[in-house]
Amino acid sequence: MSERLRRGLYRFRRSWVSVLGLGIVCLLLLIAILGPAIVPHPEHVAGLVQTGTRFQPPSAAWWFGTNEVGQDVFSLTLAGTRVSLLAGMAVVIVGAVIGVFVGAIAGFFGGWLDEGLMRLSDLMLTVPSLILAMAVAAALGPGTGNMIFAIALSWWPGYARLVRGEVMAKKEEQFVTAARAMGAGSGRLLRRHVLPNIVSPVIVKMSLDMGFAILTVASLGFVGIGVKPPTPEWGSLLSVARANMPDYWWTAIFPGLAIFLAVFGFNLLGDGLRDLLDPKARR
Amino acid sequence: MLEVEGVSKIYGGERRGFFGRAPQVHALSDVSLSVRRGESFGLVGESGSGKTTLTRCLLRLEEVSAGTIRFDGDDIGRLSAAGLRALRARVGIVFQDPYASLNPRMSIADIVCEPMEIHRARLGLDGRGRRDRAAELLERVGLGPQHLGRFPHEFSGGQRQRIGIARALATGPDFLILDEPTSALDVSVQAQVLNLLHDLQAQLGLTYFFISHDLGVIRYVCDRVALIYRGRLVEVGATEAVFQNPASDYARSLIAAMPDPDPDRSPFGPRFPG
Ligand SMILES: Nc1ncnc2c1ncn2[C@@H]1O[C@H](COP(=O)(O)OP(=O)(O)OP(=O)(O)O)[C@@H](O)[C@H]1O
Ligand SMILES: [Mg+2]
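Those sequence lines, one after another, are chains S and W. Start counting at 1 in the first sequence, then tack on 627, and there's your number in our numbering. Mapping to our numbering: the second sequence position 76 is 75, numbers consecutive.
Hints listed in this document are in silico derivations from the structure and should not be mistaken for laboratory results. All the given hints hold, so there is nothing to weed out.
Reference excerpt, derived from the structure (chain S facing chain W, CB under 7 Å, subset only):
1) GLN801
2) PHE802
3) ALA805
4) ALA808
5) MET809
6) GLY810
7) ALA811
8) HIS820
9) PRO823
10) ASN824
All residues carry an ideal CB built from backbone N, CA and C; glycine is no exception.
Please model the entire structure based on the sequences and the hints provided.
So this is what it looks like as structure tokens:
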């Protein structure tokens, strides 16, 4: 392992795009953690309206300009990082947990359980996440928690398929047969032998999915059923800024760039991680 | 100790889609043999002849299609859950491929301790006791306690096979299934592992069910031998008798194809020196 890991790390460092991805992700995480503490105008983030300085273009004083109520777009975008990243992460984690659970059971036990669970996940896959999220919002009311739940609901089938395939392959391995021959029960076989050997592809998928999850969260914010203002979130910032286009383009372009940067960074990192952890799956 | 009576195993035949059925494979047809306590019983056959299938049936990893298997008089097809657990503690197995049979994510300590954990009610060992026993087992197979924290990839094929043997011995079994334990190893390492197995048998009073496609190894290790061809036993008897007077054409052709049937000149040296 250490030898393989070292070689993987070497490959990772050699590919500058992976390092760039890691850099972007680290930067975003740092901003998310420090959040409101480092923004130049925390009072704007808290909702202060300052109509005297509305629609200032980007300048040395207002790096990203100001919006229709005079708030600093730079501060809002920076503060939005935390919400967007957290929501994206929550979606991916909830989706992965459900998916790993379902996929592991389907792949390990097979038979009608497998049939049933996979039909269910196919069904979920056919419903676009946006529509599902709207339905959930309509049923349970809008809000961040419901939105995460709704997206995760359409997110887990991807993990279930991945994990099912991996589990089906791994459970035929000889060390699993060996454990079975020693009298290990299904729970132990799954927990100790099968699942630990399929972590890598799941981690890779989670990292590749992060960008897209952030994008989905943003699009729900954009259509107005996700995070509610005044909590700053990239999608809802964009949504409000829609009305200011094209004259006051800076109110839209910077939250949009932030989304792009996050998607880009997590995808590069995911590709790099795949090379590192799961070299077989390389395209 | 072990009696196999008229065992058949047919794979496949389950429905596939709306019309088709999976093709049937007769992996074992009407196999009968018995293994006596304390002996080494050899099973020889070419690849695909059903040797592994028989071991899977012995451990009830697979249900037989017909026939019965008795271990110490108990029909293993009718064992309760507790009975099955006891069977799996009393029967150890060493696999052919030392690279695939150890979980790459587990340390040697975890690998050797796992059977003791599964059967802790039977063995009555706490965590400390299990680790001590693991160290002891490693020493017995020619490794040492310094290897406990290592991972399988840090070992050679022969060392891994020793770890596999230590794991198979962990629950204190009296019956060991050895499914081609040396066929993946270099000849020099093969001899070491075979000698280890021989010593262990003498020390622990084990009964061996030894599978191989290498007649030289079988002749070196086994008291009695059965030849299997396409799922059917074609010959059973004392090893020397089978080698001197093969009754079936298949046995004759196998022995004729052996590179050097003289045991004194086999790569493993004289039979059981000392
Ligand atoms: N799960 C299964 N489903 C269908 N057929 C199987 C299955 N397992 C084994 N077989 C078939 O049963 C036959 C016997 O296989 P088995 O693995 O017992 O052979 P073997 O004697 O152990 O061979 P080798 O020396 O290569 O290990 C083969 O034809 C094999 O294809
Ligand atoms: Mg085999």
